[in-house]
Amino acid sequence: RKEVEQDPGPFNVPEGATVAFNCTYSNSASQSFFWYRQDCRKEPKLLMSVYSSGNEDGRFTAQLNRASQYISLLIRDSKLSDSATYLCVVNIDDMRFGAGTRLTVKP
Amino acid sequence: GAVVSQHPSWVICKSGTSVKIECRSLDFQATTMFWYRQFPKQSLMLMATSNEGSKATYEQGVEKDKFLINHASLTLSTLTVTSAHPEDSSFYICSARSGTYNEQFFGPGTRLTVL
Numbered sequence: 581r582k583e584v585e586q587d588p589g590p591f592n593v594p595e596g597a598t599v600a601f602n603c604t605y606s607n608s609a610s611q612s613f614f615w616y617r618q619d620c621r622k623e624p625k626l627l628m629s630v631y632s633s634g635n636e637d638g639r640f641t642a643q644l645n646r647a648s649q650y651i652s653l654l655i656r657d658s659k660l661s662d663s664a665t666y667l668c669v670v671n672i673d674d675m676r677f678g679a680g681t682r683l684t685v686k687p
Numbered sequence: 002g003a004v005v006s007q008h009p010s011w012v013i014c015k016s017g018t019s020v021k022i023e024c025r026s027l028d029f030q031a032t033t034m035f036w037y038r039q040f041p042k043q044s045l046m047l048m049a050t051s052n053e054g055s056k057a058t059y060e061q062g063v064e065k066d067k068f069l070i071n072h073a074s075l076t077l078s079t080l081t082v083t084s085a086h087p088e089d090s091s092f093y094i095c096s097a098r099s100g101t102y103n104e105q106f107f108g109p110g111t112r113l114t115v116l
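From first to last, the protein sequence lines stand for chains X and G.
For the first sequence, my numbering assigns the number 581 to the initial residue and increments by one for each residue that follows.
For the second sequence, my numbering assigns the number 2 to the initial residue and increments by one for each residue that follows.
I should point out that these hints are in silico values taken from the structure, not numbers from a laboratory.
C-beta atoms are modelled at their ideal positions from N, C-alpha and C, and glycine is treated no differently.
Hints are not guaranteed to be accurate.
[To be verified] Computed list of lysine-lysine pairs in PhoX-like fashion (alpha-carbon distance at most 20 Å, straight line):
| hint | chain 1 | residue 1 | chain 2 | residue 2 |
| --- | --- | --- | --- | --- |
| 1 | G | K65 | X | K582 |
| 2 | X | K625 | X | K659 |
| 3 | G | K42 | X | K622 |
[Unchecked claim] Distance windows between CB atoms, simulated:
| hint | chain 1 | residue 1 | chain 2 | residue 2 | range |
| --- | --- | --- | --- | --- | --- |
| 4 | G | L116 | X | A647 | 46 to 56 Å |
| 5 | G | S16 | X | R639 | 42 to 52 Å |
| 6 | G | T58 | X | G634 | 33 to 43 Å |
All chains, full assembly: derive it from the sequences and hints.
Given below as structure tokens:
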């Protein structure tokens, strides 16, 4: 089983849509959790950390369920600029990346 | 956020040559640096973890004699791909972590093409 598994995608959605990404992780000792965004041929950039209580940053909402070892990211009112690959990242002693989910937002 | 640079940003070389990639933390001291490799349409795969002044710890399946890592100072780590072959063509990304913060900061990556 992979350490971090994500929806394979791709997700193709119209502008304004709401889209949700799911992620599961295998190591219950994982300490911290993140969503990163990666644009084509660029390095990953931190989108947001994920906390047990859930957290929101503008149009983005992240949730963590430690009991189920499940992480989610919700994007509301999608913009064209949201098109990217979204990486679920779990930190134990180092960061472990999911394979990423490709999102394309279309006009 | 903190800044991490990589040099070169891209390199094309002939098969059999060695390529050195530098990773620098510009505004903080990186006690730990990580090297990742990403093949097209795949996720980042951790290659090795290096702590300043000590030998790198390599992930299973990564040849330490082929991918030489040096972390001689708190702001610089280098990855040398020795005797590169076309299958080594990939996007190599470093990241750095300070002793203070849990977050890792990524360099912009180096795209290696071996002909």
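Practice prompt. Sort out which numbered hints this structure fails and list those numbers smallest first.
Written response: 1
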